[in-house]
Structures are given as structure tokens and as C-alpha cells.
Amino acid sequence: MTGKSKWIQLAVLAIIMLVLPFFFPSGYYYRVGALIFVNALSVVGLVILIGYAGQISLGHAGFAGIGAYSCALAPVHLGLHPALAVLLGAGISGVLALLIGRPILRLKGYYLAVATLGFGILVSMILSNERGLTGGPDGISVPGLGLRPLLRDMGLRLSGGEFWYIVNAVVLLVSIWIALNLYQSATGRAMRALHGSETAAKTVGIDVARFKLQAFVLSAVYASVAGSLLALQNGFITPDVAGFMHSVEMVTMAVLGGVGSVLGATFGAAILTLLPQILTVFADYEQLVLGFVMILVMIFLPLGLLPSIAARVRWRGV
Amino acid sequence: MDALMQFIYSGLTVGAVYALVALGFTIIYNASDVVNFAQGEFVMLGGMITVFAFDAGLPLPLAALTAIVATAAIGVALNKFAIEPARGAPVVSLIIITIGASILIRGASQVIFDKQLHRLPAFSGDDPIHLLGATLLPQSLWVICGAFAIFIGLWLFFTRTLLGKAVLATANNRLAAQLVGINTGFVMTLSFALSAAIGALAGVLVTPITLVSYDVGVGLALKGFAAAMLGGMGNPKGALVGGLLLGLFEALTAGYISSQYKEAVAFVVILAVLFVMPQGLFGEKKTERV
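Sequence lines, in order, name chains D and A. In terms of the numbering used here, the first sequence opens at residue 1 and continues consecutively. In terms of the numbering used here, the second sequence opens at residue 1 and continues consecutively.
Just so you know, not all the hints are guaranteed correct.
Unchecked claim - Result set (EDC-like, lysine to aspartate or glutamate): computed pairs, CA atoms no more than 20 Å apart in a straight line: (1) A:Lys80 <-> A:Asp33; (2) D:Lys108 <-> D:Asp240; (3) A:Lys262 <-> D:Asp207; (4) A:Lys237 <-> A:Asp33; (5) A:Lys115 <-> D:Asp284; (6) A:Lys115 <-> A:Asp33; (7) D:Lys108 <-> D:Glu198; (8) A:Lys115 <-> D:Glu286; (9) A:Lys262 <-> D:Glu130; (10) A:Lys80 <-> A:Asp2; (11) A:Lys165 <-> A:Asp55; (12) D:Lys108 <-> A:Asp33.
To be verified - Some chain A residues flagged as far from chain D (calculated, every beta-carbon gap over 12 Å): (13) Phe7; (14) Ile209; (15) Ser213; (16) Leu230.
To be clear, the hints were calculated from the coordinates, so they are not data collected in a lab. Note that the coordinates shown come from a computational prediction; the quantities given were computed from them, not determined experimentally. The beta carbon of each residue, even a glycine, is placed where N, CA and C say it ideally should be.
Just chain D, same shape as in the assembly (with noise of 0.2 Å):
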């Protein structure tokens, strides 16, 4: 990938942003809309951990849900302001990263997922069993940010959805712009290749704990920020945030869109998005389709379904 296929894949994405709210049929498509550049902000660090690094996590909700309780806790307990709130989640979520990445990535294939998995668990734990603080299984409501109120005396209107709309836009394409930085520098680099081989990389000297490392608490700090957005825009947090069922929906986000890229993880994100929303119809049969299309992508499509419709489409030289 060249500089000059970055700039073009951003612009890409952002022009599809802008251009997407005139097809929508309602404000609530805003909503959806910010719940998928909130999800993509995460899938595109675990691109950063799977696709570059080629480390696996089940337990990436974890860090969502300490990113979304301190948008939850600080502002209340510590009385920070809900943007600063965003900032030392990212932060806690870094230096635990940080703290627990040096044993837990020493470990391989299974024995990573299962450790990753164990951490996940612990915090969803904590978050459901604590109900002073964290006010339990119900829930706990989250402060507003108190921007939308400013920017409506300066006379400028906007809903909710609009808003959120607009926030995640902007933060997913800066985080893109940061994940595509990365990829063509030289951690990227040593990163993509301890991907390849562990042993040939040490060989030529990368410091392969190191790259490991920093691949996971980029994604923690990635997934704890999509953690707080989520639990500013939606306003209320639940421990599910944190739960095994989140982790394993990010990581098949990004494996369903394709882990190897930042778009198409942006696009599988995007499915797995609407997908809910569509089956709502089918109520019943929401699961049994889910599972059905998990199964029948990494069956056909094992790239994911961006890089596997991309190939098929230079195959045929069109």
C-alpha cells in the first residue's frame, strides 16, 4: 500500500459518510448509523492486533466496558468532565493492556484466547457484581457531554442521532487515518512481520514482546474509546458491554469484513451492524440466521467478504 491509496481509501470512506444521511429515511438512521462507526472504532484496533500483529483477544469487550463505566463513574465520583472521562478510560484500559500484555501474550493461539477470554470475564464480572458502584446487571445512566446544548446557542440545531452521527465519523477516520499510519511505518511493519513468523522475525532482530505489546494496547485503547462513545451517545450502560458475546461480535466483525484491512473490517462491522436490525423482522429466527452467516462467510469467503469480493473481481480481470 502506497501513501497515496491511504489518502484515497479515506476519502472514500469519508465521502460515503457524507453522502449516506441523504438516503436516509429517518433520523433514527443516524443512530444506526453512529453505532457503526462506534463499533468499526473497535474492530479497527483489533485489526491493528489480528491483522497486523496476528495476535488473537476474546476478551477485547473488557476493555469497552472500562472505557464506557469511567464515561459512567468519573464524571459522578470524581467529577471530570465526560470528555476527560473518555481520556482516563483509554488510559486505565492502556496500562492494563500494558500490565497484563507481557504474561498473557507469551501465550499461543488457544491458550492466548482462552487468557484474553479469562480477562474479558473478569471485568464483565466486576462490573455485575459490584452494584455500589456500578449499579449491578441493570445498568447505571451515563452524564451527557454537554456539547450539543453549547453548539445549539451557537445556533446550531442538531438531534441527537445527527450529532453522534457526526462525533463518530469524525474520531473513526482519525483512528483509520492512525491504524493506516501504522501500517505502512516501521512497527507496522515489524508488527506484520511477526505475523508471518515469529522465529524470522527475531531472527532479524525485532523485538517480537515488544510489537506484540504495543499491537495490544493500541487495540485496548481503540476499544475503551468506542466503549465511551457508546455509553455517551446511548446515555445508559449496561455490563453486557463487557461481556463474551461483545468480544466475540467484535472479533467477527472484524474477521467477517476482512482482519487484513482497515476498510474491510469497517464494512464487516457495518453488516454485523444492520444485520440485527433487519432480522428484527424475523424476531425468532435472528440467532439461527446469525450463526448460519458466521458459518457460511469464514466457509466461502475466509479472507472476509471485502478482500474475498476484491480478489474474485481481479481474478476476472475486470
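Let chain D serve as the given structure and place chain A on it in line with the hints.
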């Protein structure tokens, strides 16, 4: 002392179920290098199908047999339609496929059966047995003895029969096994059937104690996976010990520390073990070939 004994009994009962789920993980992992996250759904299916067959008027043993055979067939179908076509896919894809399968099975049972909690009568009554100063439900004995019986049966199968040795050979080296004329495709099918049947049997045994509903599988799969990793993936002895240890940890934590955090302790222990022994308690140290 009596309280301790009581906690040990309940820990062994739960642990026996975890051990059976972990054993199911181990068998499939050995045959195909796949960790089957749908393993918990086999337990759920075993319980659910037995309940519905029993309510439809079948005698309990026949209902249980129906459930075990039906679940084994579902296990075979899972291998045929989801695992085999994805042969050689990366670990992440395989994890998603089996998690997808577990969501699919859960979704299907919610439509075919229902979302209610169901129970089965205990096999030999509900009169508690007094043993070493604490009481034990007869059904707990069924679960614990069932787990040990299955474990011994499998051990005999793997060490005393030609077919069992073929399974071991395939687990050891698929290509070499093929070269000496072992039908490795059949071994895969057999492993999935066996693993599903064991899961279903665990479901039948434990339903009178814990009840069953369409969504009990996820929790069991996670615990069984953790137990298998604790013991060392791919090692049946590790699965048994890992499962029982996990059950005991949970019961003792619930008894002496906090029932809310009983499951947390299980995962803390697993993290601690993996930090010190990255291959689990009984796992072999693997060297990577360059």
C-alpha cells in the same frame, strides 16, 4: 469440617460436568486441531431432547438414548458441513465458525423447543445420602460416577482397541496415519460423534440437578474450555483433573469467600497457571519447527 465436605461434594459434582465438557473439547481437538466452542450446546441438547422425549411419554432411559444418538448425529453434521469445508483455516476463523455453530444451535433450539427452564426427575430419588458428615444427592453420585465411567471407558477404547489406537495415531500425526492406511476422515467423524455423545450424556446426568434451558450452553462451553486449557489442551487426563479442580475451586470460593465471585476465581486460577506454565498443567511442551 462438615461444611468443607459439603463444598467438596458440590465441587466434585459440578467439576465432573466440566470434566466431561473438557473431555469433549479434547477429543475433537486431538482429531482436528479445532477447539469446538459449540461443545456446551451438546450438553444443552442432551438435556433438552431428553426432557421433550420424556414429556412425550418415552421412558427415561429411552429418552436419554434418543437424545444422545440425536446429539451425536448433530455433532457429525457439524463436522461435515462446517469444520471439514474450512480445513486449514486460521485459528480465528475456526473459532468464529464454531461460535457461529453454537449460536445457530441455540437459535434453532429456541425455535424448536422453547425458552422455558425444564427439569427431569432424579434417577434414584431425592433422599440425600449421609457420607463423612455431609449430605450428597443420589443424582450427584450419578454425575460423578458417570464421569469416571466415561473416562475409564474412553481410556480402554484408546488403549485396548484398534479403532481407538487409530484415533490416537491420527491425533499424533495425520499424514503418517493416512500413510499406514488409517481412514482419517472416518476418525474425524467418529471423534465428533463421540464428543457430542459425551456432551449429551453429561446433559442428561446433570439436568435433574441444574435444570436445562436453551441458553445453558455458553457458560458450560467457557468453563469446559477453561478446564481443558487448565489441564493442558489435548490431554484427556488433563481434562479430567482440570474439570474437577475448576469445580472444587468454584465451590470452595462460593463457600468461603463470595458466591458472586466464584466464577471469577476459576479464571484467576487459569490466568495464574498459564503465567507459570504456558502449556497448562499436563500439556506437552511443543517446540516450533522452523
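Each hint tested on the structure:
no.: 1; hint: A:Lys80 <-> A:Asp33; result: holds (15 Å)
no.: 2; hint: D:Lys108 <-> D:Asp240; result: violated (27 Å)
no.: 3; hint: A:Lys262 <-> D:Asp207; result: violated (38 Å)
no.: 4; hint: A:Lys237 <-> A:Asp33; result: holds (18 Å)
no.: 5; hint: A:Lys115 <-> D:Asp284; result: holds (11 Å)
no.: 6; hint: A:Lys115 <-> A:Asp33; result: violated (33 Å)
no.: 7; hint: D:Lys108 <-> D:Glu198; result: holds (11 Å)
no.: 8; hint: A:Lys115 <-> D:Glu286; result: holds (14 Å)
no.: 9; hint: A:Lys262 <-> D:Glu130; result: holds (14 Å)
no.: 10; hint: A:Lys80 <-> A:Asp2; result: violated (50 Å)
no.: 11; hint: A:Lys165 <-> A:Asp55; result: violated (40 Å)
no.: 12; hint: D:Lys108 <-> A:Asp33; result: holds (14 Å)
no.: 13; hint: Phe7; result: holds (20 Å)
no.: 14; hint: Ile209; result: holds (23 Å)
no.: 15; hint: Ser213; result: holds (14 Å)
no.: 16; hint: Leu230; result: violated (9 Å)
The structure shown violates the earlier hints numbered 2, 3, 6, 10, 11 and 16.
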